[in-house]
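Trainee: So you can see what is in the structure, the chains are spelled out below.
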Amino acid sequence: MNHDAYDDNYIRGILNSVKSIAMVGASPVNVRPSYFAFKYLAQRGYDMIPVNPGHVGKSLLGKPFVGSLSDIGRPVDMIDIFRNSSHIMPVVDEALTLSPPPKVIWMQLGARDDAAAEKAEAAGLKVVMNRCPKIEYGRLSSEISWMGVNSRTLSSKRAPIPTQGMRLSLNRMSVSGGTTAASDRAAKNKSEPT
Amino acid sequence: MTDRLPGFSTLAVHAGAQPDPTTGARVTPIYQTTSFVFNDADHAASLFGLQAFGNIYTRIGNPTTAVLEERIAALEGGTAALAVASGHAAQVVVLQQLLMPGDEFIAARKLYGGSINQFTHAFKSFGWNVAWADPDDVASFERAVTPRTKAIFIESIANPAGSITDIEAIAEVARKAGVPLIVDNTLATPYLIRPIDHGADIVVHSLTKFLGGHGNSLGGIIVDAGTFDWSKDNKYPMLNEPRPEYHGIRIQETFGNFAFAIACRVLGLRDLGPALSPFNAFMILTGIETLPLRMQKHCENAKAVAEFLAGHPAVASVNYSGLASDKYNKLARKYAPKGAGAVFTFSLRGGYDAGVSLVSKLQLFSHLANVGDTRSLVIHPASTTHSQLDDEAKVRSGAAPDVVRLSIGIEDKEDLIADLEQALSA
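Line by line, the protein sequences are chains F and Z. At position 191 of the first sequence (counting the first as 1) the number is 191 in full-length UniProt numbering, and the numbers step up by one without a gap. At position 193 of the second sequence (counting the first as 1) the number is 193 in full-length UniProt numbering, and the numbers step up by one without a gap.
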């Protein structure tokens, strides 16, 4: 699996198939990315579970915090890890003890642990590293184009009109558009110090 | 769905422009509105806090302009772009994110005369200090690096003489110095040169020129390559430190590989205010659809005119990198194999007076201060675009008193040559 540049269909397949997402490192502080990514994904219809041992007893947008993955007590489709690269492995280890195990391990923008990814993939899980599900959802639904971002998709079909709480179509008829190869190369060079 | 990547001409027509979600309009509508209603108070707060995607106010973003931004980001191979009111505005907004008062940037000496003025005089009052280097001598960039250097600025095809810059060599200097390379790609357009493929971290354009291409609308744009690591050494506090005006978010942490474009939008454009009119964005978008066709014709005509001038007895020399004899021909074949652009200079044996006489006798060429129009244009840089430079700087920047600059349009080349012939021989 190439983790430097993902095929759109790979990301699209994950975001279309998962229903529940446990976010490890979700924050109740409303200016943290781990707060507003949580909020966005909840608004787009995902069943969100905030995981943060420091906030057990409180809730995030009506969802009670749990202290660890094993405290969730029900099957979860995807683990979105909002932690630094050095804290990824223990989370993946814990995720692999769950029964049934999650289908996807997603490491946030800036986070990458190739050894943890290899371990999860060996157990049959899909892995995404150094990406934000909010940004990828916005990109594939074309919502992010409003910010002048290169969505790398082209389509002659109408874009969806996003409204609050609506699940956007990620399956619209689109073909690959412009690339961001230079940025992907830079990210790879950064993760492999010479 | 497929992994096949579309070609440049397909992107020039389609990138960023899906049919309008509300009406189904196929051509991008002109959203001529200052403001956009919010769904509710929470939605408004999320937008203002940069927590949700959406439109607030046309000074910060506009749906017509966003199509232009995505299209150019796609054509340049960048992660995102921000359109502004002019190429000059793009330069102010870019450097505002990178420099604090007392900081420096290194710029190539061969630049558009307006940029030389902006860097030398206007930026001095912001405390941004420019150090000049010679684009034909890469070592001069290395020598100019100091601990306060925050960026390097070059033009891919340099105004006015159309010389070609060795982007990869200067990108290597920038990489070693740990600063981003900014490339003004106005005269090349991404059709001829894609600076990001050669190591540029930021690309800027005057959209007014070949991209818009019809001489009808001003505009500028900033493209983020998504290649620079803004978190390193905390050299760039605008991107790396918590922003008090956005409740303490860090731009580079929140927006990843398009953080620079977002910083330009939410810290630069929002606060400095040089927004592009949605109408201009529409005009420029329409122009871009035919960019590949126009650039082919511009380059074909320019080469024919340059060859004609090179063989004319009244002409002392022609600076066009598309000519095999030109000193920049090797660089042109490397960086711009599809064509060497359509802006170049030549000098007349009769000097300054012959230049003034030529300009007055031309019938098809328009005497004005622009380049990159469908129409062929002529100007005498020493008395106009570069007139504020002293004599030595004029020569150094390629605008000596005997030099005439042409911007070759998309007319029939035989007519352009006939016009030059009658004006030179009269």
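It is possible that part of the hints are untrue.
[As the list claims (entries may be wrong)] Here are some chain Z residues the structure puts well away from chain F; computed CB gaps all over 10 Å:
#, residue
1, His14
2, His247
3, Glu253
4, Lys338
5, Glu411
[Said to hold, decoys possible] Straight-line C-alpha distance at most 30 Å; calculated DSS-like pairs for lysine-lysine:
#, chain 1, residue 1, chain 2, residue 2
6, Z, Lys124, Z, Lys297
7, Z, Lys327, Z, Lys297
8, F, Lys188, Z, Lys235
9, F, Lys190, Z, Lys297
10, F, Lys190, Z, Lys235
11, F, Lys188, Z, Lys232
12, F, Lys188, Z, Lys176
13, Z, Lys303, Z, Lys235
[Stated by the list, open to error] Taking beta-carbon pairs under 8 Å as the criterion, some of the chain Z residues facing chain F (in silico):
#, residue
14, Ala15
15, Gly49
16, Ala80
17, Gly127
18, Ala225
19, Phe258
20, Asp353
Quick caveat, the hints were computed from the structure, so don't treat them as lab data. Just so you know, even glycine gets a beta-carbon here, dropped at the ideal spot from N, CA and C.
Trainee: Would you mind marking each hint as holding or not holding in the structure?
Mentor: Going through the hints against the structure:
Distance check on Z:His14: its Cβ comes as close as 5 Å (rounded) to a Cβ of chain F, failing to clear the 10 Å threshold; non-interface status is violated. Look at Z:His247: its CB is around 4 Å from the nearest CB on chain F, not clear of 10 Å, so calling it non-interface is violated. Taking the minimum C-beta to C-beta distance to chain F, about 7 Å, the non-interface status of Z:Glu253 is violated against the 10 Å cut. At the 10 Å boundary, the C-beta of Z:Lys338 stays outside the reach of chain F, the nearest C-beta of that chain being 18 Å off.
For Z:Glu411, the shortest C-beta to C-beta distance to chain F comes to about 32 Å, beyond the 10 Å cut-off, and the non-interface label holds. Simply put, Z:Lys124 and Z:Lys297 have alpha-carbon atoms about 40 Å apart, too far for the 30 Å limit, and the pair is violated. Only pairs whose Cα atoms come within 30 Å are accepted, and Z:Lys327 paired with Z:Lys297 is accepted, the gap being roughly 23 Å. This hinted pair checks out: F:Lys188 and Z:Lys235 have alpha carbons roughly 22 Å apart, not beyond 30 Å.
For the hint pairing F:Lys190 with Z:Lys297, the CA-to-CA distance comes to about 41 Å; that exceeds 30 Å, so the pair is violated. A distance of roughly 17 Å separates the Cα atoms of F:Lys190 and Z:Lys235; the hinted pair therefore holds under the 30 Å criterion. The straight-line distance between the Cα atoms of F:Lys188 and Z:Lys232 is roughly 16 Å, inside the 30 Å bound, and the hint therefore holds. Taking the CA atoms of F:Lys188 and Z:Lys176, the gap is near 18 Å; set against the 30 Å cutoff, the hint holds.
For the hint linking Z:Lys303 to Z:Lys235, the alpha-carbon distance of about 44 Å lies beyond 30 Å, and the restraint is violated. A cut of 8 Å between beta carbons decides the hint on Z:Ala15: the least distance to chain F is about 6 Å, and the hint holds. Hint on Z:Gly49 holds. Least Cβ distance to chain F is approximately 7 Å, under the 8 Å limit. Hint on Z:Ala80 holds. Least Cβ distance to chain F is approximately 4 Å, under the 8 Å limit.
Nearest Cβ of chain F to the Cβ of Z:Gly127: about 29 Å, over the 8 Å cut. The hint is violated. Below 8 Å, beta-carbon pairs count as interface contacts, and Z:Ala225 has one with chain F at about 5 Å; its hint therefore holds. A cut of 8 Å between beta carbons decides the hint on Z:Phe258: the least distance to chain F is about 5 Å, and the hint holds. The interface hint given for Z:Asp353 is broken, as the beta carbon of that residue sits about 49 Å from the closest beta carbon of chain F, more than 8 Å.
The structure shown violates the earlier hints numbered 1, 2, 3, 6, 9, 13, 17 and 20.
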